[in-house]
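Engineer: Going down the list, the protein sequences come from chains A and B. Every letter in the first sequence is one number past the one before it in the numbering used here, and letter 41, counting from 1, is 41. Every letter in the second sequence is one number past the one before it in the numbering used here, and letter 235, counting from 1, is 235.
You may find that some hints are simply not true.
Said to hold, decoys possible - In silico EDC-like pairs for lysine to aspartate or glutamate, Cα to Cα no more than 20 Å straight-line:
no., chain 1, residue 1, chain 2, residue 2
1, A, Lys110, A, Asp180
2, B, Lys391, A, Glu161
3, B, Lys408, A, Asp438
4, A, Lys391, B, Glu161
5, A, Lys408, A, Glu324
6, A, Lys408, B, Asp438
7, B, Lys145, B, Asp177
Keep in mind the hints are simulated off the structure, nothing from the lab.
2 protein chains.
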Amino acid sequence: MAKVKDDKKKKAKSKDKAAKKDKGTKPAGKAPLKVSPLAPASFPDMPVIDGVRFAAGEAGVRYLNRTDVMLAEIAAGAAIAGVFTRSATRSAAVLDGQAKLAALPGKSKKGFAIVVNSGNANTFTGARGASDVALISEAAAAALKIPAAHVFTSSTGVIGEPLPADKITTILPVLADGLDAGKAAVAARAIMTTDTFPKGAVATLEIEGKPVKIAGFAKGSGMIAPDMATMLGYIFTDAAVTPGALQAMLQAATNRSFNAVTVDSDTSTSDTVLLAATGKAGNTPIASGRSAEGRAFAKALGAVMRDLALQIVRDGEGATKLVEVQVTGAKSARDADRVARAIANSPLVKTAIAGQDPNWGRIVMAVGKSGAAADRDLLTIRFGDLVVAEKGWRSESYSEAECAAYMKGQELLIGVDLGLGRGTATVWTCDLTHAYIDINADYRS
Amino acid sequence: MAKVKDDKKKKAKSKDKAAKKDKGTKPAGKAPLKVSPLAPASFPDMPVIDGVRFAAGEAGVRYLNRTDVMLAEIAAGAAIAGVFTRSATRSAAVLDGQAKLAALPGKSKKGFAIVVNSGNANTFTGARGASDVALISEAAAAALKIPAAHVFTSSTGVIGEPLPADKITTILPVLADGLDAGKAAVAARAIMTTDTFPKGAVATLEIEGKPVKIAGFAKGSGMIAPDMATMLGYIFTDAAVTPGALQAMLQAATNRSFNAVTVDSDTSTSDTVLLAATGKAGNTPIASGRSAEGRAFAKALGAVMRDLALQIVRDGEGATKLVEVQVTGAKSARDADRVARAIANSPLVKTAIAGQDPNWGRIVMAVGKSGAAADRDLLTIRFGDLVVAEKGWRSESYSEAECAAYMKGQELLIGVDLGLGRGTATVWTCDLTHAYIDINADYRS
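Whole structure, please, built from the sequences with the hints as guidance.
Structural biologist: Here it is as structure tokens:
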């Protein structure tokens, strides 16, 4: 049997002071962004995953005085799985990663590498974008003595600017020399753009009596309405999992984690999540998410991915509130998802939350515009445990004072029951504040 | 033959000073909103439409010291047409109006009335909402000696609060006594909520040598992503038009006017546009939009409705820029519409415009997330006449300085050609600024 532990909660000790001081999240010449008030207490202690090593360095792609390239090396024998944005204008690195993943048997006797740069998305950069990805892949392959087809790259940052690939290829041999199994936290920091804190999550479980670890990190705080995966996420485990089972479990968990969060309804061109399983834990390879071991692993993987996804919402650009939208009683799961997203993406709902206004009328509006089947007289709306509307009318127990007090909280629940069927959905979002506009009205200039 | 003249442009004289001083647009106790910098130079001279009279008064529904109820009386023999929101949580007045319109032959020997209140949307107010509509309809019917089934009502303002219908029924006999064919401008002002200026538009044409007039007014500035019609619009003509042709022409023009604007992607529960044709111009009744007369009338009607729709965007909450998104070369009209709306509703595009940043990478992102067929290497993006991106790459002629200068304009054009087919769409929107958040973070409190 397998047990899931959330190491993060257990090991959290103190506010990550380094995150608070980090000036590296700003484009050169700008004032640093304040750490989100919703940031977790600390970055988790990232355990060593046997078979994975990290390094990060300062290449100066766009930012000054901060790390902006990370290299991860995954030992021979590992399986790898990936999910990518479904954007029609996806980046050169995403197109390359999808092609490489499709061509691989999924498990390599030669090992893999992941190279990520921040500051430039290498998106809408034509044929040069693709050749820059090839240059970076070849440089990493040469440094690690693996095939270039086993190197996955991601680029995140401004769209439409040529990537200074030479800055990255120059630093890769130095990073290869400095690879270290204990440097996951350093790697997590190098992939940040407008993030105000690095995002990591950890779980441990036992399979066949053997301890198994899962550790991952992610970035993202704007252009967040992932469609298949979020901005960037990298998850590592020492479990032995077959490539097919790994890919299936990654896809299923993505839908309930990265695909269930939205900051601003804008879907990135670079969304990528990669999951590598080194097999060093020594368990019999998990061949299906439906076996007892597979279910236990999928549950722990899901917890790590949901944790990372929620950290992205907690770092939503300008966010001051973390909001869970729970929809029940819809005619179908699809309808529930539509309603949840209509609420979570509504600028009027999000500004009301920013203003701590229990403006449930805007939730009625969002339900109405969602396109899902809805009946006014069967609809129930809750803020936390407070029923605000039911039976087509403001609830008899409605108290403006109670609701206003509830809205002052930092973590809010909006519950909507449609009273029509068994479809449910949960989506997480944040509020829409002045800081979102400050960050985005002059990001590029 | 028929000629279309745009009276508004011809007769515009001076800034409407009354609008600038209007404190009535504010909920009680709030500072007045500044008039939008995109407001037209003046409210047009509204011509008398033979067979239509207006009145407005102060009922104190929610606002103090301003008119908040308007009454329009339409003479016996008129035809009437209407389009309404498709929201699943539409208001009591919309449900009532849809039922009445469906039950009418469309043309009445008894005439019609329209009653509109601002300050309260009478939405999500259960059975009481419907009975309040009935009370108001009956009061207007009694005052004007017409059947209650011929009275159309609209309510706009806060959602979920009971409507103080008695305040409206009390004032209706007074308004009936004060009806005046010259009071359209007064009526236009009474229906405003967060609008910073009243919105009117006029066209004249000749049919069979007879002068025909079309005059309309509208309100709306937030919760604007109309789906069938916008917030509220009322259009009057003295043309003779059969009910079927009137409804068909209204629906067609709605798709290219009110349904083609978006302020914040949020669809109102109260959207209603009514069009009344009194027939007093004496022309042979227009029985089809396809005849020469029908085409001329439809063109003039379309011009009035587009003018009103654009005024709503010009008064978009917090707007400082009016943006036309023109999509061409899509695989289908539906795909073109998807791309145009994805751009027009993207918070990242809208904040970049607010910041006067020619951030075309975000347009690439919005095209990618729209769900429409797109090929990076065939995509062309323009700001006005400046080609910024083509052939999967930043344009060779791209000049950051030129684009930045263009973005400082108050009226902007974003052109996207997908290079795939013949589908086109045009959508109008505005930028997303701090003022939108100021207005909406505490609208209700």
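Engineer: Against this structure, judge whether each hint is valid.
Structural biologist: Now the hints, each set against the structure:
no., hint, verdict
1, Lys110/A x Asp180/A, "19 Å, holds"
2, Lys391/B x Glu161/A, "14 Å, holds"
3, Lys408/B x Asp438/A, "18 Å, holds"
4, Lys391/A x Glu161/B, "14 Å, holds"
5, Lys408/A x Glu324/A, "15 Å, holds"
6, Lys408/A x Asp438/B, "18 Å, holds"
7, Lys145/B x Asp177/B, "12 Å, holds"
The structure agrees with every numbered hint stated previously.
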